[in-house]
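From first to last, the protein sequence lines stand for chains S and W.
Anchor point for the first sequence: position 206 equals 206 in this note's numbering, and the numbering is continuous, going up by one each time.
Anchor point for the second sequence: position 11 equals 11 in this note's numbering, and the numbering is continuous, going up by one each time.
Simulated from the structure, these hints should not be mistaken for laboratory data.
Note that the coordinates shown come from a computational prediction; the quantities given were computed from them, not determined experimentally.
Worth double-checking, as some hints may not be accurate.
[To be verified] Footprint (simulated), chain W over chain S, 3 or more residues, beta carbon under 8 Å: (1) 56–66; (2) 73–83; (3) 186–199.
[As the list claims (entries may be wrong)] DEER-style ranges, computed between Cβ atoms: (4) Ala48/W - Asp209/S: 29 to 35 Å; (5) Ser7/W - Lys133/S: 51 to 57 Å; (6) Met51/S - Pro149/W: 25 to 31 Å; (7) Pro149/W - Ala202/S: 17 to 23 Å.
No residue lacks a Cβ here, since even glycine has one placed at the ideal position from N, Cα and C.
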Amino acid sequence: MDFSLMVRVFPFFLEAALVTVQISALALVIGLAAGSLGAAAKLSRSRTVRMIGTVYVSVFRGTPCLIQLFILYFGGPQIGIHLDAFAAGVIGLGLNIGAYMAESIRGAILSVDRGQAEAARTIGFGRAQTMRKVVLPQAARLMIRPLGVNTVALVKGSALVSTISVVELTYTAQRFIGSTYKPFEIFGVAALLYMIIVYAVARVVDLLDRRYALS
Amino acid sequence: MQGLDFSVVTPYLGLFWMGVWWTIVLTVTSSILSFFSGILFAVAVLYAPAVIAYPVRFFMWLFMGTPLLLQLFLIYFGLVQIGIDIPALGAGIIGLGLHFAVYNADILRAGITAVDPGQSEGARSIGFGRWQTLRYVVIPQAVRNTAPPIGNNMIALLKESSLVSVIGIAELVHAAQLAISETFRPFEFYITAAALYYILNLVLEAGLRQVEKKVEVSR
Numbered sequence: 001m002d003f004s005l006m007v008r009v010f011p012f013f014l015e016a017a018l019v020t021v022q023i024s025a026l027a028l029v030i031g032l033a034a035g036s037l038g039a040a041a042k043l044s045r046s047r048t049v050r051m052i053g054t055v056y057v058s059v060f061r062g063t064p065c066l067i068q069l070f071i072l073y074f075g076g077p078q079i080g081i082h083l084d085a086f087a088a089g090v091i092g093l094g095l096n097i098g099a100y101m102a103e104s105i106r107g108a109i110l111s112v113d114r115g116q117a118e119a120a121r122t123i124g125f126g127r128a129q130t131m132r133k134v135v136l137p138q139a140a141r142l143m144i145r146p147l148g149v150n151t152v153a154l155v156k157g158s159a160l161v162s163t164i165s166v167v168e169l170t171y172t173a174q175r176f177i178g179s180t181y182k183p184f185e186i187f188g189v190a191a192l193l194y195m196i197i198v199y200a201v202a203r204v205v206d207l208l209d210r211r212y213a214l215s
Numbered sequence: 001m002q003g004l005d006f007s008v009v010t011p012y013l014g015l016f017w018m019g020v021w022w023t024i025v026l027t028v029t030s031s032i033l034s035f036f037s038g039i040l041f042a043v044a045v046l047y048a049p050a051v052i053a054y055p056v057r058f059f060m061w062l063f064m065g066t067p068l069l070l071q072l073f074l075i076y077f078g079l080v081q082i083g084i085d086i087p088a089l090g091a092g093i094i095g096l097g098l099h100f101a102v103y104n105a106d107i108l109r110a111g112i113t114a115v116d117p118g119q120s121e122g123a124r125s126i127g128f129g130r131w132q133t134l135r136y137v138v139i140p141q142a143v144r145n146t147a148p149p150i151g152n153n154m155i156a157l158l159k160e161s162s163l164v165s166v167i168g169i170a171e172l173v174h175a176a177q178l179a180i181s182e183t184f185r186p187f188e189f190y191i192t193a194a195a196l197y198y199i200l201n202l203v204l205e206a207g208l209r210q211v212e213k214k215v216e217v218s219r
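Next comes chain S alone, as it looks inside the complex (with noise of 0.2 Å):
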């Protein structure tokens, strides 16, 4: 192991890391929007919708993310769609893991005992407002550890961002391997900004499930 090639690297690595956090981190919003809509849509009374929801998740999670990705940044231009790599990165990632979030929030929302519903619609709760006020807020205590594995490989999947030329960690890992030859010390850097990244992440989801669990 040659540790001195291992600190001389790790500045660039430590930007790398950062680009990986905004990537993750604006991916992570996108997908809880895509999400959150995706399960609404699956759950919806009118049927057109339920299958536009239907159709997302499973066109999303039944093909590759690597796929998706280069339709929307190679062939994105061919349909008027033009993006810089960092917003199609962006973008494809949270559609992706989106359709994984949409199934999670639909499982948390189903696994609320039905006559929670039943009991807030016989006290003339509407259909809304029970939604709201009584199934909502105890599906969201059941999402966050779904979430928080979705949220984890997110982080791992933005890796494939670096095949369409955004230089985070993975694509750094790439180039410094072809440059010193050294594939074990170089791996070691970027898992090391992996770890510590998911062991954050990790944390969070660990702190809010503790915070909101029922008691």
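Chain S is fixed; fit chain W onto it per the hints.
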């Protein structure tokens, strides 16, 4: 904007079939590797002496916390550095196999722990050795109980196998890239590749459902 024209795909259908074939080969071989090494890792973590259990645990922790793409680069470029010169296909299978072995091991570890202790006590009392008990009594039950999540890992593996295109294995994504380099029509070819993945995914899901049903029945 050039307007879309999916007829450009027709001359490349043969290329796509080769891509589909290699994607299937990769998925099947890596799945088999990930299943058996998953069992091995789970057993090592639970029963091996600390000198083996801790390194395995560390390796699992490391591979669960880092991206597959990075691991593929490590294996593809790293093995050469320590004198093991394997072709890209081998590196791809090992990378995918090990990555998912770690996830399978995590599931199987829980599965093995969840098997009723009375089962192994019973096996021991009728004269099975420790290893025999594990091999014929505990592991088969653990595998049966964890079939659905392990199946999910296989589905994930099919999609993640697209990543090995970056180390130059001629699977589906690579086939699409080859066609695009001649036609400059990324949209049509990537959509075609996506559609083929979607079909493969449906087929695999249906197949796994059959397997799960069989496992249920023989319980």
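Do the hints match the structure? See the list:
1. For the segment 56–66 of chain S, the proposed coverage by chain W is satisfied: 6 residues have a C-beta within less than 8 Å of a C-beta in that chain, meeting the threshold of three.
2. Closer than 8 Å: that is the beta-carbon criterion, and the segment 73–83 of chain S has 7 residues meeting it against chain W, so the requirement of 3 holds.
3. Chain W is given as covering the segment 186–199 of chain S, and this holds because 7 residues of the stretch bring a CB closer than 8 Å to a CB of that chain, at least three being needed.
4. Between Ala48/W and Asp209/S the C-beta distance comes to about 32 Å, which sits within the given range of 29 to 35 Å.
5. At about 55 Å, the beta-carbon gap between Ser7/W and Lys133/S stays in the expected band of 51 to 57 Å.
6. Against the hinted window of 25 to 31 Å, the Cβ-Cβ separation of Met51/S and Pro149/W comes to about 29 Å, which satisfies the hint.
7. Checked against the hint of 17 to 23 Å, the C-beta distance between Pro149/W and Ala202/S comes to roughly 20 Å, which is consistent with it.
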